[in-house]
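S.K.: Sequence:
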Amino acid sequence: MFSSANLPTFHQCSRIYIYRLKGFDIINYLDDFAVQKRLKTPLKLFKELENLFLSCGIEESTHKAFSPSHRMEFLGIICDTVKLTLEIPDDKLKDIRSILGSWEGRQSAKLRDIQSLIGKLNFLATCVRPGRVFMSRLLNWLREVYDRKGYISIPSNINKDIVWWQKFVPLYNGISMMSLEEWSKPDEIFSSDSCITGCGGWFSDVQFKQLEKDVKKSTKSAFAVGTKKNLVSQWRAFLLFCFYFDVAPIPVTFKTINCYAQFLSRSFKSTDSIRNYINGVKIMHFYLDLPFPPLDNFEFKLLMAGISRVKQHCPRQARPITPDLLKEMLKFLDLDNCTDIVYWCLFFFAFFLMSRKSNLVPDSVDSFDCKRQLTRGKVFMHERVAIVVFEWTKTIQCGERILKIPLVKIDDSILCPVTAYNRMCRMIPAPEESPAFVIKRNASLKTVTYKQFQSKT
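Residue numbers 100 to 556, in our numbering, belong to the letters of the sequence shown in order.
Just so you know, the hints here were simulated from the structure itself, not pulled from any lab data.
Quick caveat: nothing in here was measured; it's all calculated off a predicted structure.
There could be a bad hint or two in this list.
Cross-link-like lysine-lysine pairs, in silico, PhoX-like; alpha carbons within 20 Å at most [said to hold, decoys possible]:
hint	residue 1	residue 2
1	Lys312	Lys456
2	Lys182	Lys219
3	Lys219	Lys191
4	Lys248	Lys209
5	Lys316	Lys327
6	Lys381	Lys410
7	Lys259	Lys312
8	Lys209	Lys470
Between beta-carbon pairs, the in silico distance windows are [unchecked claim]:
hint	residue 1	residue 2	range
9	Val232	Leu151	39 to 45 Å
10	Ala133	Phe467	25 to 31 Å
11	Asn256	Lys121	50 to 56 Å
12	Leu514	Asn378	52 to 58 Å
No residue lacks a Cβ here, since even glycine has one placed at the ideal position from N, Cα and C.
Let the hints inform the model, and build the full structure from the sequences given.
M.R.: Have a look at this one:
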């Protein structure tokens with residue numbers, strides 16, 4: 100048996116043994132070496148260590164050796180055994196603050212700059228312990244953008260974290276304490292610190308007010324924006340029904356549900372729409388922590404079956420877009436016109452990617468979201484193939500995976516999406532963070548919106 104403190108030695112000896120069996124000799128290079136000891140005669144130990152190195156044939160850089168002291172810089176961190184603190188040296192702190200200053204007000208950055216900043220802040224968090232909380236969002240952001248090329252847009256919350264580092268690094272550096280004793284139980288001892296500009300803590304099961312706000316915010320984020328709008332419409336319709344017929348909306352009775360379903364059948368042809376509106380009433384009761392009648396009741400099933408029989412309905416599907424139809428559309432477009440070539444490329448992307456319009460263009464210029472809609476930086480050209488990257492779709496709303504779809508060049512064809520995209524990029528160049536489909540208006544670029552795309556089709 101051996102403790103975790105012996106693991107480095109165990110792995111080192113194992114590697115030496117394995118390589119020696121293969122006929123190789125391993126030389127271990129010890130770069131940094133420090134000793135911490137409670138002794139009344141530290142100089143004697145320092146000299147004994149020097150003699151030990153000489154007897155073992157280990158060459159020591161004497162100009163880098165420091166005699167025993169209660170304050171020592173080791174691996175870029177100053178350890179003070181009197182104050183029991185850890186701190187970053189002034190030269191490194193000045194360098195990091197200079198880098199943070201260069202990020203102030205930046206709108207975009209390259210991946211290597213992001214990695215460099217996070218690496219330095221991660222090192223700084225060793226001494227600035229409160230900074231670990233603000234590292235979490237930076238690391239999550241790095242995971243999201245690790246495979247992007249060119250300049251990457253900096254979210255507003257990341258800028259806020261960087262502002263925190265700028266303001267609080269000088270205040271917190273040098274106050275992180277060394278932990279010299281083991282905690283008896285994780286839930287019995289808790290330490291925190293505070294200052295004039297901020298504080299934090301937990302006492303007697305009293306929750307943070309900010310945590311309560313975050314809980315509400317996270318709960319509100321459970322539904323997509325479109326789903327929220329649908330729920331509001333469904334709740335409004337149910338409440339108007341109850342007020343008009345003078346029935347209690349909450350808690351709803353089974354009789355009221357049946358009457359509401361019959362009432363909805365006057366406007367809706369599909370029973371699926373009726374079920375959606377009744378499900379909205381069910382969710383409203385869940386929000387209010389009230390009971391809701393079970394919908395697997397025989398009487399309700401019988402009612403829905405009867406409505407389906409009386410209100411027979413066949414869903415009307417839109418006409419499919421075909422290659423022949425695309426060729427007919429080309430007759431109304433001028434491929435030498437900058438605006439028309441944008442719409443021509445947009446038609447191809449919607450057709451070949453089988454993508455929803457919400458993934459290609461926003462509802463309005465102000466509602467453009469680089470995570471939901473396509474940008475120039477999410478289309479990668481590789482020889483004869485264009486790789487289109489989607490980070491969000493209707494079925495991928497929580498970022499659980501990234502969708503990459505290839506578009507292959509079609510030689511000698513007017514219906515080639517790769518050729519159309521390359522032509523659009525030549526005629527209307529735009530930065531990588533720009534929406535993929537923009538048109539020129541008075542020497543500026545304007546985003547193509549859903550309404551414009553719909554009217555063009």
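S.K.: Can you give the numbers of the hints that this structure goes against, from lowest to highest?
M.R.: Of the numbered hints, 1, 2, 6, 10 and 12 do not hold.
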